[in-house]
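> The listed protein sequences derive, respectively, from chains E and W.
Sequence positions in the first sequence follow our numbering and run 1 to 450.
Sequence positions in the second sequence follow our numbering and run 1 to 357.
No lab work stands behind these hints, which were simulated from the structure alone.
Where hints are given, some of them may not hold.
What the hints assert, rightly or not - Subject to a maximum C-alpha distance of 16 Å in a straight line, what follows is the list of computed EDC-like cross-link-like pairs (lysine to aspartate or glutamate): (1) Lys178/W / Glu282/W; (2) Lys178/W / Glu133/W; (3) Lys304/W / Glu324/W; (4) Lys204/E / Glu282/W; (5) Lys439/E / Asp383/E; (6) Lys439/E / Asp428/E; (7) Lys233/W / Glu355/E; (8) Lys233/W / Glu296/E; (9) Lys233/W / Asp383/E; (10) Lys65/W / Glu164/W; (11) Lys393/E / Asp368/E; (12) Lys353/E / Glu395/E; (13) Lys353/E / Asp365/E; (14) Lys233/W / Asp365/E; (15) Lys233/W / Asp402/E; (16) Lys233/W / Glu219/W; (17) Lys178/W / Glu219/W; (18) Lys204/E / Asp34/W; (19) Lys446/E / Asp428/E; (20) Lys233/W / Glu395/E.
Here are the chains, one letter per residue:
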Amino acid sequence: MAIKNITHNLFSRKVSIAPLVTFRVLFGLVMLISMVRFWANGWIDMQYLQSAMQFKFFGFDWVAMPPGEWVYVLFATCALSCVMIALGLFYRVAAVLFFITFTYIELLDATFYLNHYYFISLVGLLLVFLPANKKASLDVYLGLTSKADHIPVLAQNLVMFHLGLVYFFAGVAKLNSDWLFHAMPLAIWLPAQDTLPVIGGLLKYEATAYIMSWAGAIYDLTIPFFLLSKRFRWPAYAAVVGFHVVTWAMFQIGMFPFIMIASTLIFFSAAFHQRLHALVGIRYGETESEPTMGVEWTTQPLVRLAVVAVICFQLVFPFRHMMYDGNLYWHEQGYRFGWRVMLTEKAGYAQFKVEDTQGRFIYVDNRDFLMPVQEKMMSTQPDFMLQYAQFLKDEYTAQGVDVKAVTTEAFVTLNGRSSRPFIDSSVDLSSIEDSWQQKDWILPFKSDKG
Amino acid sequence: MMIRRLLILPLLVVGLVFSSCDGDGPEEPKDTFDKEAMLTNMASGVIIPAYEDLQESLTNLQDVKDVWSAQPSASTFDALRDQYAVVHTKWVACSAYEFGPAAENNLRLTFNTFPTDTAQINQNVASGNYDLEANQNSDAIGLPALDYLLYFYEADDAVVQLAEYEGYVQANIDLMTKTLDAVVDAWNASYTDDFTSSTGSAAGSSTSLLVNELNFDYELVKNASLGIPAGKKTLGITQPYKVESPYGRHSKSLAIAHVQALRNCFAGGSGQGLDDYLDNIEAKHNGELLSQAILDGFDDVETKLAAISGDLLIAVDDEATAVEAAYVSMQNLVVLLKTDMPSQLGIQITYQDNDGD
């Protein structure tokens, strides 16, 4: 009985479609702005057409760069799919198109990986399966789909789960000694922002870094639950807006604040959304007898199994770093796709050397092959170093060098500590295949502070 | 109920943090560094004076060139060569500031693209018909072109007498003067205000530009002036003629002057500089002040360069050990300049969005 109740509340209960419709429209619009902004900043050219090589995610090295200027077509298609999602036009096709184009773009070069891009890809995939076009959409207007004022609660719950995931795991990641007991990296970042209007003066104080570190951790860990509670929803949402506006003003985090401010509206009640929609003349029926969508699909074992699998995966995958010895923030094995945001102030320098069979060396100038942002990312991320070593081996072999080994002397500074040797400089990185195995050629982390 | 209790938690934490500070009395802000003062000093005490020195040396170059044109002789020609060397030395002190007006006017490319394209220069001199601002001449202009013109044609007085030759010298002086004047005018007009008021730490802020360009220029000395001629990119096979001044053989003194200028940039001349900023935030490296470690690093590089006895053109082959020592010393300092310094200052060096991982 109890279990039946739970599954009813999580899967099959009928709720108003209004919150999901708001989400669909705002997500489409914010993503459209995001794509246009990216284009207008000249980043398509800068990031995808200027680079001699691209770094790939493990397992995705087969993702090839589109030929020539076709990457613009990719962005245009993605932007178009955003418009179609917002309008609810050929919605299912649009969602598929969005998921594929956006994910494809992100897979092109892992240099530009951001947690929120991963989030957007996940939501894109989710949207493919959600009935978000059954109200206030051109699909309904054109008769391409049946209209529904009510849908199974599962749709909304899945979106909220993914939003909660971002916050909660970002909070879990903050529970480390650098963040809590050294206020790092905020103790570095905040004073550097001391010329900001209004709050600038406060940022000089060390106590501010501690307060903001702790407040940030508590915010991330608790905000999903406060948003779920009817009583604290408004103050919680005010906190969401405040938090994201402040971080947007202080850091170069792009569209993430706006995506979250728009998306978390889905936590508000149906009544709230219906009042919102009434402003633009969209009316909802009073009772469940109004047009509604069947709930049968949410009771299918395959659907339920898939939902449980997604949830389990998302709850476990961020913890895969526990398979590896040492400090995660140092070695970064299992770091990505774990909602670890703004956690480290990290910089590195890697002098690669190509040795030929006669024992002679080439000292590589990274700027000959990498863009500044690629060099920055490669210098602190060991899996990129493997790819770069392989690239150098191929590059110099093609130039006629009899390459015997590619090694690196790399130094990294983490959260204000002195720079330290990062990689075993005797190891031929070009002979190592990336894998899930422990990368024992990363030197152990040594701290010169408590 | 549960939720109400949760709400109390943040308040508790905030209270705890404040009370733990109470013991030390009223807390002083850790960071009271006046970035605007540092930037003002960098502009008016370091960068603009460097440009004005260069301007003055160029004016003098024009004067000695006019004397030589009027009375061509061995002594007036020597005066021209000497003044070229002065200009080149003044140039390296300006090389690190390739942002704002300098970037817009391609100052570094105009003054110091090397190795120079001698075939193109020969062709231009022979034809007497060229546009130095055209793309095909981008490697045939500026100081490296003068280095070639003034020292390589030495043996052939007949060539030096040619009007085309004199014209090419003059055209290069004109091009450098015009480009530099545009840069100095921009600094004196409004760029200084833009520069000193951009006090943030984001990409494109003045501190970020300074740190980024200091690094870029430092690597230029390390790689282009020293590493490439020493064969660091070519399996140890030296490429002597890729040094900065292969004909006049000023490469070693230019490298030393360049490193001194970069040290001066870091130290803010005699005023507030990046070293003071690092001291203010108590940036340390292995227990000592990071600023001191960097200054010591610069001193070590200078000592190692000075220990090379001949010019780099010869030394890359004849004094391989001394050249290697200088290169290793430069390499060691890159780590501090490129990782510790920007990281401690919390500076963004790239424009792209990031979420800090």
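> Look at each hint and say if it fits the structure.
Each hint, compared with the structure:
Simply put, lysine 178/W and glutamate 282/W have alpha-carbon atoms about 43 Å apart, too far for the 16 Å limit, and the pair is violated. At most 16 Å may separate the alpha-carbon atoms for a hinted pair to count; lysine 178/W and glutamate 133/W meet this at roughly 11 Å. As the CA atoms of lysine 304/W and glutamate 324/W are separated by approximately 9 Å, the hinted pair is consistent with the 16 Å bound. The hinted pair formed by lysine 204/E and glutamate 282/W meets the criterion: a straight-line CA distance of about 13 Å does not exceed 16 Å.
Of the pairs offered as hints, the one joining lysine 439/E and aspartate 383/E holds, with about 9 Å between alpha carbons and a cut-off of 16 Å not exceeded. For the hint pairing lysine 439/E with aspartate 428/E, the CA-to-CA distance comes to about 13 Å; that is within 16 Å, so the pair holds. The straight-line distance between the Cα atoms of lysine 233/W and glutamate 355/E is roughly 11 Å, inside the 16 Å bound, and the hint therefore holds. The hinted pair formed by lysine 233/W and glutamate 296/E fails the criterion: a straight-line CA distance of about 67 Å is larger than 16 Å.
Only pairs whose Cα atoms come within 16 Å are accepted, and lysine 233/W paired with aspartate 383/E is rejected, the gap being roughly 24 Å. This hinted pair checks out: lysine 65/W and glutamate 164/W have alpha carbons roughly 14 Å apart, not beyond 16 Å. As the CA atoms of lysine 393/E and aspartate 368/E are separated by approximately 14 Å, the hinted pair is consistent with the 16 Å bound. A threshold of 16 Å between alpha carbons decides the hint, and for lysine 353/E with glutamate 395/E the separation of about 13 Å falls inside it, so the pair holds.
Distance check on the hinted pair: lysine 353/E and aspartate 365/E sit about 9 Å apart at the alpha-carbon level, within 16 Å; holds. Restraint check: the Cα-Cα separation between lysine 233/W and aspartate 365/E comes to about 8 Å, which is no more than 16 Å; the hinted pair holds. In summary, the hint linking lysine 233/W to aspartate 402/E is supported, as the alpha carbons are separated by about 14 Å, within the 16 Å threshold. A hinted pair counts as satisfied when its Cα atoms are at most 16 Å apart, and lysine 233/W with glutamate 219/W qualifies at roughly 14 Å.
Straight-line distance between C-alpha atoms of lysine 178/W and glutamate 219/W comes to about 27 Å, which puts the hinted pair past the 16 Å bound. Among the hinted pairs, lysine 204/E with aspartate 34/W is consistent with the structure: their alpha-carbon atoms are about 12 Å apart, no more than 16 Å. The hinted pair formed by lysine 446/E and aspartate 428/E fails the criterion: a straight-line CA distance of about 23 Å is larger than 16 Å. For the given pair, lysine 233/W sits about 13 Å from glutamate 395/E by alpha-carbon distance, which is consistent with the 16 Å threshold.
Checked against the numbered hints given earlier, the structure breaks hints 1, 8, 9, 17 and 19 and satisfies all the rest.
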